[in-house]
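First residue of the sequence shown: 1, per my numbering; consecutive thereafter.
None of these hints come from the bench; they were simulated from the model.
Lysine to aspartate or glutamate pairs mimicking DMTMM-like chemistry, simulated, CA-CA at most 25 Å apart:
#1 74 / 33
#2 34 / 72
#3 34 / 23
#4 74 / 24
#5 34 / 148
#6 231 / 194
#7 113 / 148
#8 192 / 178
#9 28 / 72
#10 74 / 14
#11 113 / 68
#12 28 / 122
#13 116 / 145
Per label pair, the in silico range of CB-to-CB distance:
#14 177 / 125: 40 to 48 Å
#15 55 / 23: 19 to 27 Å
#16 83 / 51: 17 to 25 Å
#17 228 / 25: 50 to 58 Å
#18 96 / 128: 42 to 50 Å
#19 148 / 177: 57 to 65 Å
#20 20 / 237: 50 to 58 Å
#21 100 / 154: 27 to 35 Å
#22 190 / 114: 30 to 38 Å
#23 201 / 55: 58 to 66 Å
#24 216 / 128: 24 to 32 Å
Model, not experiment: these values are computed from the prediction. Quick reminder that beta carbons are idealized off the backbone N, C-alpha and C, glycines included.
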Amino acid sequence: SSTAATLAIVASLESLLSVTAVDEIDPKRRTTDKNWELMAQGGGNIVSGLVGGLPVTSVIVRSSANVDAGADSKLSTLLHGTWLLLSVALIPAVLNLIPLSALAAVLIATGYKLAKPKLFLERWKQGWTQFVPLVATVAAILFTDLLEGIIIGMGVGFVFVIARNFRTAITVAHDGGDWMVRARRNLYFIHKHELQKCLGRVPDGANLLVDLSATSYVDLDNVGIINGFIKNAQHRGINVIVRGDIAERTTPLIDAPTAEVRYA
Numbered sequence: 001s002s003t004a005a006t007l008a009i010v011a012s013l014e015s016l017l018s019v020t021a022v023d024e025i026d027p028k029r030r031t032t033d034k035n036w037e038l039m040a041q042g043g044g045n046i047v048s049g050l051v052g053g054l055p056v057t058s059v060i061v062r063s064s065a066n067v068d069a070g071a072d073s074k075l076s077t078l079l080h081g082t083w084l085l086l087s088v089a090l091i092p093a094v095l096n097l098i099p100l101s102a103l104a105a106v107l108i109a110t111g112y113k114l115a116k117p118k119l120f121l122e123r124w125k126q127g128w129t130q131f132v133p134l135v136a137t138v139a140a141i142l143f144t145d146l147l148e149g150i151i152i153g154m155g156v157g158f159v160f161v162i163a164r165n166f167r168t169a170i171t172v173a174h175d176g177g178d179w180m181v182r183a184r185r186n187l188y189f190i191h192k193h194e195l196q197k198c199l200g201r202v203p204d205g206a207n208l209l210v211d212l213s214a215t216s217y218v219d220l221d222n223v224g225i226i227n228g229f230i231k232n233a234q235h236r237g238i239n240v241i242v243r244g245d246i247a248e249r250t251t252p253l254i255d256a257p258t259a260e261v262r263y264a
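Let's have the full structure, built from the sequences with the hints guiding it.
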């Protein structure tokens, strides 16, 4: 059902976010295998559902409390689950006496440790592409919920990715009759006009090097533009040589002699 799918997505996202945060505060700087984390969570939720339990997920409050207490192994997680099970089974009435305001204070204190003003200042110094998605995600989560907030944050980040790709991706340089058109990064359909414009600057009778060594992918539309230019270059006296990517994914698609790829 849609409810089950929503729970699965929210639980998975929350676990991934918690794992990433814990990796950041781990004194030993270990890296969690996120695939295993999701597999373990999925298996746990299946078992929990079969016995009538609630969905389980990683929570940053518990994990950060363990780290602050000096825990550095999986034993802390097992002990935490054991104490929680015993508390629920033996002293449920006592647990109900804990004020919700006290639990909220714990959440606020933990959240402050993980999202200090210093973090926002660091993102501000890194530029708008880092700061705006962070603020948008935090605000969206506060005013909606975790799932919608993350989706909104991803959408804002995606807008910045698209905007970054619209920036100059191709450079042109020349020394006398020797010209070079160089792709600084992967070329997609949004770069077609820029590629045509750069190739259009090459004069008749020139020696042209089309340098694609910095790319790992060139859209077929751009490959077609290069091949079309090469075909016309034969009538304009332009000698074209292509330097492809290191993996040689692109050069077999281009109808021109190739130059050796220079390794950095």
